[in-house]
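Student: Below are the chains, spelled out letter by letter.
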Amino acid sequence: MSVKIGDFVDIAADGSNYKGRIMPNSSKDVIFLKLESGYNVGINRNSIKSIKLAKEVKKNNIKTKKTAVEQKKGLPKIAILHTGGTLASKVDYETGGVISRFKPEELLDLFPEIREIANIKSVFISNMFSEEMRFENYAKIAKAVLKEINSGVKGIIIGHGTDTMHYTAAALSFMFEHLNVPILIVGAQRSSDRGSSDAAMNLVGAIEFINKTEFHQVAICMHESESDDNCIILPAVKTRKMHTSRRDAFKPINDNAIARVNYKTRTVEILKKIEKEKPKKNVLKIKFEEKVGILKTYPNINANIIKCYKGYKGLIIEGTGMGHMPISQGENKKIFNELKKLVKSGCIVVMTSQCIFGSVNMNVYSPGRNLLDIGIISGEDMLTETAYIKLAWLLGNYKKDIVKELIKKDIRGEIKERILPDEYLSKYDFNKGTD
Amino acid sequence: MRPENFGLKIGIEIHQQLEMHKLFCKCPSLVNDPNPADVFFERKLHISSGEMGTMDAAAMYEIKKGKTFYYEGCSGSSCLIEADDEPPHNANIDALKTALEIALLVNAKPVDVVQFMRKIVLDGSNTSGFQRTALIASNGFIETSKGRVGILSICLEEEAAKKINENEKSVNYRLDRLGVPLIEIATDASIKDPEHAKETASILGMILRSSGKVKRGLGTIRQDINLSIKGNPRVEIKGFQDMRSIPKIIEYEISRQEELLKKGEMLKAEVRKAEPNLTTSFQRPMPSASRMYPETDIVTIPITNELLKEIKLPELLTNKAIKLEKEFAISPQLALEIAEDETYFRLLVERFKNILPSLIAISIVEVPKEIKTRFSYNASNKEIEELLGFLDKERATKEAMMKILEDRAKGKFVNIEDYKPADENIIVKSIEKIIKDNKNLSANAIMGIVMAKYRGKIEGKKVMEMIKSSLNS
Numbered sequence: 001m002s003v004k005i006g007d008f009v010d011i012a013a014d015g016s017n018y019k020g021r022i023m024p025n026s027s028k029d030v031i032f033l034k035l036e037s038g039y040n041v042g043i044n045r046n047s048i049k050s051i052k053l054a055k056e057v058k059k060n061n062i063k064t065k066k067t068a069v070e071q072k073k074g075l076p077k078i079a080i081l082h083t084g085g086t087l088a089s090k091v092d093y094e095t096g097g098v099i100s101r102f103k104p105e106e107l108l109d110l111f112p113e114i115r116e117i118a119n120i121k122s123v124f125i126s127n128m129f130s131e132e133m134r135f136e137n138y139a140k141i142a143k144a145v146l147k148e149i150n151s152g153v154k155g156i157i158i159g160h161g162t163d164t165m166h167y168t169a170a171a172l173s174f175m176f177e178h179l180n181v182p183i184l185i186v187g188a189q190r191s192s193d194r195g196s197s198d199a200a201m202n203l204v205g206a207i208e209f210i211n212k213t214e215f216h217q218v219a220i221c222m223h224e225s226e227s228d229d230n231c232i233i234l235p236a237v238k239t240r241k242m243h244t245s246r247r248d249a250f251k252p253i254n255d256n257a258i259a260r261v262n263y264k265t266r267t268v269e270i271l272k273k274i275e276k277e278k279p280k281k282n283v284l285k286i287k288f289e290e291k292v293g294i295l296k297t298y299p300n301i302n303a304n305i306i307k308c309y310k311g312y313k314g315l316i317i318e319g320t321g322m323g324h325m326p327i328s329q330g331e332n333k334k335i336f337n338e339l340k341k342l343v344k345s346g347c348i349v350v351m352t353s354q355c356i357f358g359s360v361n362m363n364v365y366s367p368g369r370n371l372l373d374i375g376i377i378s379g380e381d382m383l384t385e386t387a388y389i390k391l392a393w394l395l396g397n398y399k400k401d402i403v404k405e406l407i408k409k410d411i412r413g414e415i416k417e418r419i420l421p422d423e424y425l426s427k428y429d430f431n432k433g434t435d
Numbered sequence: 436m437r438p439e440n441f442g443l444k445i446g447i448e449i450h451q452q453l454e455m456h457k458l459f460c461k462c463p464s465l466v467n468d469p470n471p472a473d474v475f476f477e478r479k480l481h482i483s484s485g486e487m488g489t490m491d492a493a494a495m496y497e498i499k500k501g502k503t504f505y506y507e508g509c510s511g512s513s514c515l516i517e518a519d520d521e522p523p524h525n526a527n528i529d530a531l532k533t534a535l536e537i538a539l540l541v542n543a544k545p546v547d548v549v550q551f552m553r554k555i556v557l558d559g560s561n562t563s564g565f566q567r568t569a570l571i572a573s574n575g576f577i578e579t580s581k582g583r584v585g586i587l588s589i590c591l592e593e594e595a596a597k598k599i600n601e602n603e604k605s606v607n608y609r610l611d612r613l614g615v616p617l618i619e620i621a622t623d624a625s626i627k628d629p630e631h632a633k634e635t636a637s638i639l640g641m642i643l644r645s646s647g648k649v650k651r652g653l654g655t656i657r658q659d660i661n662l663s664i665k666g667n668p669r670v671e672i673k674g675f676q677d678m679r680s681i682p683k684i685i686e687y688e689i690s691r692q693e694e695l696l697k698k699g700e701m702l703k704a705e706v707r708k709a710e711p712n713l714t715t716s717f718q719r720p721m722p723s724a725s726r727m728y729p730e731t732d733i734v735t736i737p738i739t740n741e742l743l744k745e746i747k748l749p750e751l752l753t754n755k756a757i758k759l760e761k762e763f764a765i766s767p768q769l770a771l772e773i774a775e776d777e778t779y780f781r782l783l784v785e786r787f788k789n790i791l792p793s794l795i796a797i798s799i800v801e802v803p804k805e806i807k808t809r810f811s812y813n814a815s816n817k818e819i820e821e822l823l824g825f826l827d828k829e830r831a832t833k834e835a836m837m838k839i840l841e842d843r844a845k846g847k848f849v850n851i852e853d854y855k856p857a858d859e860n861i862i863v864k865s866i867e868k869i870i871k872d873n874k875n876l877s878a879n880a881i882m883g884i885v886m887a888k889y890r891g892k893i894e895g896k897k898v899m900e901m902i903k904s905s906l907n908s
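For the protein sequence lines, the chains are A and B, in the order given. Its first residue numbered 1, the first sequence is counted upward by one per residue in the working numbering. Its first residue numbered 436, the second sequence is counted upward by one per residue in the working numbering.
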């Protein structure tokens, strides 16, 4: 009997009969049925005695009620660019799968409350897991952003998977050498198919922030705490995903948040001075150097690993403590030699710290000084992720000598000369959010 | 009396909490954590407008209220999973095995592959916005005094958070209970009448307890009733914990529906809540199948022959009870209760050789209940054991035990030595003195005087015998 996914069938199996609809996750060994009760069950194909077609389904003809996309006068126009992630996903109740929704009317279906605060233009770029992002994707996103800016929008929102959101945020920050429109990167830690999703609130937070401030740089908007009370606007180059699953996974590192948006009152509390003066033109530089890497050091690391970076133009070493690597004793001396060779070959090597918080200072201990002596550059208080994006972008657009100068210089807020006492973990009361 | 064919259809659903760690995390299933809350957060639940067409009526009803949900929990009994800030871990395998055990005890056929579903619940009682639930087995039956009752399904699901209070704008929940494993058994509509519903619930309760893996006490088991008459839509009644109220609830609900029909009104498929007076009130619209979709964070679980072989079916409590009744000469009711704690009981019988096993049975089953009813005093197992030790050593009576517990309940300082059995010769002498001093006293009056002094130190029956023999001599 030939039956296919979506068909309604009657199955007689060993010991039990089942009536239901064939689900897409069926395999060659197991048929998954959605029963009338709503439950899905798996039935081993070899236990099936007979299978009868009850109702054939020609094609998936689910009709969703369409919401008219009307432009409301007086509301700012905001472009939402989709790159992927769980921000705009919904459940297909017929198949039980989670599908992405990107059309403007679908977006308004998903987040009815945003029609009250903005006229939304929705742009599809890609639907990818964020860890799949490559430099070419950054270029594509940046070009799409520029196109929307030129069409005249108040701000840009980029829907993004959360895993590498902070890399993309940094990339956009560097790519736009001049920017006069805010770009907010928004994600969700709980997909929008579920009632408890953080997507709607994060989106509303970003829109309210765009609407109510003069901000014109790149930032991330996510939950501030586990509660659905405040969104936090975070600096693109000083933010990191610090938890695999919490709503408030994104935290500023060696820095403070830009603003807080209250979801109930819709008030925006500015936490950091926002530059009012906007550049006249937007300047975009989309090139990246491909041959740049990140190496995390650890005890007993083998010198051969460094050989792998032969031919690389740039390398970020995520060192221990204030910027160290095992180079002084026994077997470790080989590492020192390999590093020397790598720098000599023309590779720009920058040191960051796996402590995450705090600044690199390679003058304190002799191994640090030895690394400086062979030409390794201190990454100061830059995040490893930001340093990597910055180095690749600099190498893509500037000559080596200039790269060596700029990598040490603060150009987008990625290096801070003063780290304040409250810019550390202890400020987070995880039940109440940052303060 | 209603005609036979007025089309009454009754089915019941039993929800039973399991005594093991939570279903999708390693938090203990405390249900009521005694510690003060140290975790707090608030949430909103969202729903997309485009789904209203297909959106389940029950889910819509909740979301339209637009309430804020405030949660509190203890870090000892809830983790990030209860906070919906971490995906679920693999299902508790012991819970799955218990569900399979129960399925086999009710002659049901386990599914080949279990798939957990998300059942949309938007009243805030699940932080995720859905309850995780899986069909474990179907197509079973149990034997009752009025014939077979079919078992439609055995499901394994997570318990919801407990509502603390509620107002117009918000609801407060406590997280302790969220995620406790729950077995749901649903019967078909072959239950014959209200009394039969109670019997069915009682048999299912006994089967669940036979596993030895279920929680006991108030609130750990709940029954829902599904009811329809004359082909009208089905009504589900929730919210009562005492099985004994089942027949009344059903009777009242039938009368309510008949009233409506008489007035020419339509009956609606809805969920109704049982009130303390056993009538029902509207709670929410009936949920439909559209509120379920797969829980993609949990892989599907094949029920292999190897897994089924690991499941050892327990002896039913009713069967155990029959044996205990004979072996220890105790009443059937007492035997059934002892059967639930047979190992403990046998341990005590072994330990206190001077006490009749029937008295031990009474001491651990009935004495604590009686003391609780009469003096609102919770006698612990340890306390009962201490008193059994006293009875065993001093050949004291059950009355001594009752008196000690009574005095403790009243807050008196108790020195067990004071409750030692009295010397019978002294009592006889005392009786004779009373008779001598008060010539016209009745036996009962003498009894009153003697017992006031010696209660707990000698059995009343024995005193009466002494009085009678003294009066006759």
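FYI, nobody ran anything at the bench for these hints, they're computed from the structure. Be aware that a few hints might be false.
In silico DSS-like pairs for lysine-lysine, Cα to Cα no more than 30 Å straight-line [said to hold, decoys possible]:
#, chain 1, residue 1, chain 2, residue 2
1, B, Lys874, B, Lys897
2, B, Lys544, A, Lys52
3, A, Lys49, B, Lys665
4, A, Lys212, A, Lys296
5, A, Lys408, A, Lys344
6, B, Lys444, A, Lys55
7, B, Lys888, B, Lys828
8, A, Lys4, B, Lys544
9, B, Lys874, A, Lys55
10, B, Lys598, A, Lys19
11, A, Lys77, A, Lys212
12, A, Lys19, B, Lys604
13, A, Lys264, B, Lys604
14, A, Lys19, B, Lys888
15, B, Lys544, B, Lys747
16, B, Lys828, A, Lys264
17, A, Lys28, B, Lys897
18, A, Lys310, A, Lys264
19, B, Lys502, A, Lys19
20, B, Lys502, A, Lys72
21, B, Lys871, A, Lys49
22, B, Lys683, A, Lys28
23, A, Lys212, B, Lys461
24, A, Lys55, A, Lys77
25, A, Lys404, A, Lys264
Student: Hints first: check each against the structure and report whether it holds.
Tutor: Here's how the hints hold up against the structure:
{"no.": "1", "hint": "B:Lys874 to B:Lys897", "result": "22 Å, holds"}
{"no.": "2", "hint": "B:Lys544 to A:Lys52", "result": "21 Å, holds"}
{"no.": "3", "hint": "A:Lys49 to B:Lys665", "result": "36 Å, violated"}
{"no.": "4", "hint": "A:Lys212 to A:Lys296", "result": "41 Å, violated"}
{"no.": "5", "hint": "A:Lys408 to A:Lys344", "result": "19 Å, holds"}
{"no.": "6", "hint": "B:Lys444 to A:Lys55", "result": "29 Å, holds"}
{"no.": "7", "hint": "B:Lys888 to B:Lys828", "result": "22 Å, holds"}
{"no.": "8", "hint": "A:Lys4 to B:Lys544", "result": "25 Å, holds"}
{"no.": "9", "hint": "B:Lys874 to A:Lys55", "result": "97 Å, violated"}
{"no.": "10", "hint": "B:Lys598 to A:Lys19", "result": "37 Å, violated"}
{"no.": "11", "hint": "A:Lys77 to A:Lys212", "result": "13 Å, holds"}
{"no.": "12", "hint": "A:Lys19 to B:Lys604", "result": "42 Å, violated"}
{"no.": "13", "hint": "A:Lys264 to B:Lys604", "result": "13 Å, holds"}
{"no.": "14", "hint": "A:Lys19 to B:Lys888", "result": "74 Å, violated"}
{"no.": "15", "hint": "B:Lys544 to B:Lys747", "result": "16 Å, holds"}
{"no.": "16", "hint": "B:Lys828 to A:Lys264", "result": "70 Å, violated"}
{"no.": "17", "hint": "A:Lys28 to B:Lys897", "result": "79 Å, violated"}
{"no.": "18", "hint": "A:Lys310 to A:Lys264", "result": "54 Å, violated"}
{"no.": "19", "hint": "B:Lys502 to A:Lys19", "result": "38 Å, violated"}
{"no.": "20", "hint": "B:Lys502 to A:Lys72", "result": "28 Å, holds"}
{"no.": "21", "hint": "B:Lys871 to A:Lys49", "result": "92 Å, violated"}
{"no.": "22", "hint": "B:Lys683 to A:Lys28", "result": "51 Å, violated"}
{"no.": "23", "hint": "A:Lys212 to B:Lys461", "result": "45 Å, violated"}
{"no.": "24", "hint": "A:Lys55 to A:Lys77", "result": "47 Å, violated"}
{"no.": "25", "hint": "A:Lys404 to A:Lys264", "result": "47 Å, violated"}
When each numbered hint is compared with the structure, violations occur for hints 3, 4, 9, 10, 12, 14, 16, 17, 18, 19, 21, 22, 23, 24 and 25.
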